[in-house]
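Engineer: Guided by the hints, dock chain C onto chain W, whose structure is given.
2 protein chains.
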Amino acid sequence: MLNFQKYFSEKAKRLRASEIRELLKWIQGKKIISFGGGIPDPRSYPVKDIAEIAKDVILNYGYKALQYGTTEGQIELREELLKFMRERANVKVESIDNIIITTGSQQSLDLTARILIDPKDVVIVELPTYLVALYAFRDHEPMFYGIPMDDEGMRMDVLEETLKKLKSEGRRVKFVYTIPTCQNPAGVSMSIDRRKRLLELASEYDILIIEDDPYSYYVYEDVPIDRLKSMDSEGRVIYMSTFSKIASPGLRVGWVIGEREIIEKYVIAKQSVDLCTSPLAQYIALEVIRRKVIDKVVKTWTKKYKAKRDIMLKALEEYMPDGAKWTKPVGGFFIFLYLPKGLNTKEMLVKALDRGVAYVPGQSFFVDGSGENTIRLNFSYPKEEDIERGIKILADLIREELSKK
Amino acid sequence: MLNFQKYFSEKAKRLRASEIRELLKWIQGKKIISFGGGIPDPRSYPVKDIAEIAKDVILNYGYKALQYGTTEGQIELREELLKFMRERANVKVESIDNIIITTGSQQSLDLTARILIDPKDVVIVELPTYLVALYAFRDHEPMFYGIPMDDEGMRMDVLEETLKKLKSEGRRVKFVYTIPTCQNPAGVSMSIDRRKRLLELASEYDILIIEDDPYSYYVYEDVPIDRLKSMDSEGRVIYMSTFSKIASPGLRVGWVIGEREIIEKYVIAKQSVDLCTSPLAQYIALEVIRRKVIDKVVKTWTKKYKAKRDIMLKALEEYMPDGAKWTKPVGGFFIFLYLPKGLNTKEMLVKALDRGVAYVPGQSFFVDGSGENTIRLNFSYPKEEDIERGIKILADLIREELSKK
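Just so you know, the protein sequences line up as chains W and C, in that order.
Mapping of the first sequence onto this note's numbering: position 100 corresponds to residue 102, and the numbering continues sequentially without gaps.
Mapping of the second sequence onto this note's numbering: position 179 corresponds to residue 181, and the numbering continues sequentially without gaps.
Check each hint, because a few of them may be wrong.
Copies of the same chain look alike in the list, so a pair counts if it fits in one copy or across any two.
Simulated pairs of lysine-lysine, BS3-like, Cα-Cα distance not exceeding 25 Å [to be verified]:
no., residue 1, residue 2
1, Lys308, Lys8
2, Lys394, Lys330
3, Lys57, Lys298
4, Lys66, Lys294
5, Lys13, Lys169
6, Lys353, Lys306
7, Lys122, Lys166
8, Lys298, Lys66
9, Lys66, Lys306
10, Lys348, Lys50
11, Lys13, Lys122
12, Lys394, Lys343
13, Lys298, Lys308
14, Lys122, Lys407
15, Lys385, Lys85
16, Lys15, Lys122
17, Lys308, Lys353
18, Lys306, Lys198
19, Lys316, Lys15
20, Lys167, Lys8
21, Lys8, Lys169
22, Lys166, Lys8
23, Lys57, Lys294
24, Lys94, Lys50
25, Lys13, Lys298
26, Lys166, Lys294
27, Lys348, Lys305
Calculated directly from the structure, the hints in this document are not laboratory data.
One chain only, chain W, in its complex shape (with noise of 0.2 Å):
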């Protein structure tokens, strides 16, 4: 048996598995009731819609939907995302050539480390921030920065100060990553002037900004929530969004929106790492749209995901002990809870497990390495019937814990 460790490049020997991962491939199979994933319910995807749309997508467009296609993406696809963009979320763009589609959201934030970081780069993230975002980053060796957040999303005063310091470090920031909407993992979104106040800095500091928006479709309360990208006057602001949380995960279609120059780069990276998206998964996100799926899909699931956050919330303030505090989404799929320190998550996952609770300890969320004593709780996945009971089974083991302290 050859020792295939010496072939491995030195990037590949560093490669450790996700926690998430390994966490969700230990339940399969196993009756748990899980706030683990980060994953819609099964029953929002249009299972007849798609069938239909599928069926119908590859006799209309025959040999087109099964054809390599252009790395940019279908044209029909591109034109419709720039309505769709503009009507949805005013974010308004010149041409398709403003547009790359992507296999998902993840293609897009690996194509953006690509093409942004170099190693000792430095990005900014919020703490805590989307872990599998902070792989696509890791490869390209940057120098992380975490800005904590509050109620408002990140802090702009800690932003600012951060950004002076390094500014007279002499160190290169590129971007700041954020989830500015229902963000993952800790479930708030930033306040309006908080938005104003990064695109100043962005600007101030002559930086990028990288806006990841998969959740905005569900919003559960009445806040503004304008994008980053249709505030942007400088082109400052690379968007992405993606078709999982809105019809389907498992099409694998996301989008960029950026300045032509930036996207003319994607395309080109891109062409090297899968030459195409799916263009059969392509027309079907088309119809998808076109036929008003989404809508559909969104005024359902919008009252549903409510009612499920609702149940959790309520169920925390019930069943959790003193000095737990948690966050209250607006919308998405998440909510972050901070235990007193001294208890260590982690550790708590295997006897949660057995007791038939799996949830995302915290600390992998932050790039400084805190958050020992957090948990990410999703609500959008599990049962309405089973979120209560499982959060009173975390609650009691908290306490347990606590008590041992």
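Structural biologist: Showing chain C alone in chain W's frame:
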């Protein structure tokens, strides 16, 4: 308007659009006989079968087809491929842990580069080789060494000499990348003796072999084409193939087979690249095998592609001027044309396009910068009735160019 150059990574600054890609763009919508692309005849796509399958798959697999999948790929497809590879290619591996599903062969190449190549590692390729593989590898800054081919494929005497020399210089050779059967772009297939010798040399010099095998489904002569992987007793061969030529490139589904330890690294690397390949596309691929759509496509199109090859070979024989030579492929999609030295096929392309014929200048397939006088001719895509006419136009042009020298 911002100047985005300063934000791009050093690698991104070096990225250039592919010539093939730019070429294909140029001819879009124009009436031209194209020997340029490397794509199947679109009439080979089983449109009706896939339309039915797509609908069935979504209704039968329901949420599973529209949900996120595991990064390694759907279990059912990996099980089917295990059987498929055993029956069709005599490639026997232990379990589905030896297989990862990828988002097309281009992703297989990209992941290979990520997990194996450190800057300055030596990567050995054929002269000429598949251009877009070079793009994927190049991103990780290897040193390329090219090994010339003759009618029996890569010359093992030159390979041995090169390996010996590199070893004496203390250079680190990671792998040999080869398309042993119906090579792209040369159309050559490696003889069995050379295949055996390649495996011996890999063992002696302790290197890996990447066997890229998209074309071996289409072999037009009764010649043995034993896959390197089927002869691999040490686990040195990483094998890759795709559904692009036997069902539809628009699915974007490929696979990689190798030792478990290697496949595990592919899986971890893939996770940060695109999380998973579309389960919908994977289930379609599964049913395309199960319902024997592939058998039908391959049976029908082996005959048709053979006819196209024969028309092109006959036309070359009839029209090409003295001094022009070309390969006689036993299968696949390509004939490679060597013109007399002094002709520059890149410069000549503009004139060819003017006269209504497209091809790919061969130089970019050569890592040593040679091949200025070569041309890749694709015979799978153009219509039967256009092939002779196109070759005549090209031959006339070449004759004129030669007369000017």
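Engineer: Which constraints among the numbered hints does this structure fail? Numbers only, ascending.
Structural biologist: As far as the earlier hints go, 1, 6, 10, 14, 15, 17, 18, 19, 24, 25, 26, 27 are violated by this structure, in ascending order.
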